[in-house]
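Going line by line, the protein sequences match chains A and B. Using numbering that gives the first Met the number 0, the first residue of the first sequence is number 0, and each one after it goes up by one. Using numbering that gives the first Met the number 0, the first residue of the second sequence is number 0, and each one after it goes up by one.
Note that these hints are calculated values from the structure, not bench results. One or more hints might be untrue.
Claimed, not checked - Simulated restraints on C-beta separations:
#: 1; chain 1: B; residue 1: R75; chain 2: A; residue 2: R144; range: 19 to 29 Å
#: 2; chain 1: A; residue 1: E49; chain 2: B; residue 2: D72; range: 38 to 48 Å
#: 3; chain 1: A; residue 1: H107; chain 2: B; residue 2: R194; range: 56 to 66 Å
#: 4; chain 1: A; residue 1: T148; chain 2: B; residue 2: V183; range: 31 to 41 Å
#: 5; chain 1: A; residue 1: A219; chain 2: B; residue 2: R42; range: 29 to 39 Å
#: 6; chain 1: B; residue 1: A219; chain 2: A; residue 2: E152; range: 50 to 60 Å
#: 7; chain 1: A; residue 1: A219; chain 2: B; residue 2: D84; range: 19 to 29 Å
#: 8; chain 1: B; residue 1: K130; chain 2: A; residue 2: E49; range: 53 to 63 Å
#: 9; chain 1: B; residue 1: G128; chain 2: A; residue 2: E152; range: 46 to 56 Å
#: 10; chain 1: A; residue 1: T53; chain 2: B; residue 2: R75; range: 13 to 23 Å
#: 11; chain 1: A; residue 1: N223; chain 2: B; residue 2: A219; range: 38 to 48 Å
#: 12; chain 1: A; residue 1: D84; chain 2: B; residue 2: G13; range: 46 to 56 Å
Yeah, the Cβ is synthetic: ideal placement off N, Cα and C, and Gly gets one too.
There are 2 protein chains.
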Amino acid sequence: MGILALEPLDRPDGMTTHEYAHRRLRQAIMVGSIRPGESLTIRGIAEAMESSPTPVREALRRLSSEGALRVLDNRRIMVPRMTADRFSELVSLRSLLEQHAARRAVPHITERRIDRLAEIDKAQDEAIGRKDNATALLLNQEFHRTLYTANPEQVIMPMVESIWLQLGPFLGIAMEHVAQLYFVDRHVEAIEALRKRDEDAVAAAIKADISEGIGGFERAAIENLLRLAGQSVA
Amino acid sequence: MGILALEPLDRPDGMTTHEYAHRRLRQAIMVGSIRPGESLTIRGIAEAMESSPTPVREALRRLSSEGALRVLDNRRIMVPRMTADRFSELVSLRSLLEQHAARRAVPHITERRIDRLAEIDKAQDEAIGRKDNATALLLNQEFHRTLYTANPEQVIMPMVESIWLQLGPFLGIAMEHVAQLYFVDRHVEAIEALRKRDEDAVAAAIKADISEGIGGFERAAIENLLRLAGQSVA
DNA sequence: TAATTATTTTTGTGATCACATTTTGAAAAT
DNA sequence: ATTTTCAAAATGTGATCACAAAAATAATTA
């Protein structure tokens, strides 16, 4: 699986080249189709998406500012290697941020949006049934995003997305070695809590969703996975 | 006060042009020397720092991903306008993130680093005594950064810096209209709590530092300031 | 055969150019 | 005097080129 793993995405006219490159790379990283340590070359990507180095470089710069890529001393760019410590840091931060985001969304939520959340959750369940991990992952993200963006003032969402980006490559590794990802679904709980506008219950559902989902990986399991994937844990 | 308000910063050799542009713009925004709404032109900046559009564009892309700049539909780039709602969102998130960062730093703190924190705090007090707002601001940030980066696994710091970047322009406005910024100093408390490795007390000190500092602005005062600065509050 | 050196290729970086869009400012019309 | 129309200037964007550094490959030596 390489950079072009995902279908080329549709490109609305008016979208700039660097924006397109950014979205495409972003999505590839987010669902874990670029392996950590794999080094990306500007010209390679440019050629793959039939453009030139300039816009690709801009996309890479943005992704590095978003924590999705790391620029080495050699100036080479790669997907950062995961470690058990970093993983733990990411998950605890994700829980903190998303609980906060959920709370601050509650006062702005509409019934209409709650209905939309229910639809997304349903679609996700179907994807899980089809064992379509990538789609399930994207729908899971869409669920969370749809919840948090009820709050019109968006300063948290970019940070949450940054966390997702940084966790993405690990999910890719997990999907390769665990065959079928175990999906937790606390979304129904969250939806019920939302209908009651119960901030605490919403936050609790999100917390559980995360801690039982990606947060459920035990340290030993993580280290084992990373070892299997050839990532020196040192 | 324009883009070149700050002295050109020293540029270590080996630092790329886009990196230099990024640092310089970043600092200018962080201490509030670029006015919100002021639109930045790529060529203008490039000329001002004697380079060309390409690296400047990369710097601007990064800053937009960091939340420091916003790209309009016209593709013009500007420092985002502040609103009372956004301000409240930023401050509450800042408090949440920094308390968390502080807690997770405690297990890694060394006496040596605590001493360094004490020195920074002293320097900040002196800057405040000189009524040197910009320096005091930078030293305050250095205090917080030095604390949080005790944790070797850094995923929070970039987000905290993003918040600072987004609050920067408001501080610029405040400094213009309030003459002398009121600096709160809960740093001594934080230092004492650190010596005891008391996570709760450290988090409490940070929380107080923020809520009594920038968080102390009342909604009415904020709206008034924004009005004075010609920012339509609508 | 293994290690070292030299050569070739690849890669990141930044300046420049051409093009399309937008903005600005002047001229004309209402 | 205000609005509208039109030309000129400015701006964002992306491709291309030249250069230096790094990586990969080939040749040489121990």
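Outcome of the hint check:
no., hint, result
1, B:R75 - A:R144: 19 to 29 Å, "27 Å, holds"
2, A:E49 - B:D72: 38 to 48 Å, "26 Å, violated"
3, A:H107 - B:R194: 56 to 66 Å, "43 Å, violated"
4, A:T148 - B:V183: 31 to 41 Å, "33 Å, holds"
5, A:A219 - B:R42: 29 to 39 Å, "55 Å, violated"
6, B:A219 - A:E152: 50 to 60 Å, "18 Å, violated"
7, A:A219 - B:D84: 19 to 29 Å, "45 Å, violated"
8, B:K130 - A:E49: 53 to 63 Å, "57 Å, holds"
9, B:G128 - A:E152: 46 to 56 Å, "37 Å, violated"
10, A:T53 - B:R75: 13 to 23 Å, "19 Å, holds"
11, A:N223 - B:A219: 38 to 48 Å, "56 Å, violated"
12, A:D84 - B:G13: 46 to 56 Å, "29 Å, violated"
In this structure, the earlier hints numbered 2, 3, 5, 6, 7, 9, 11, 12 are contradicted, and the remaining ones agree with it.
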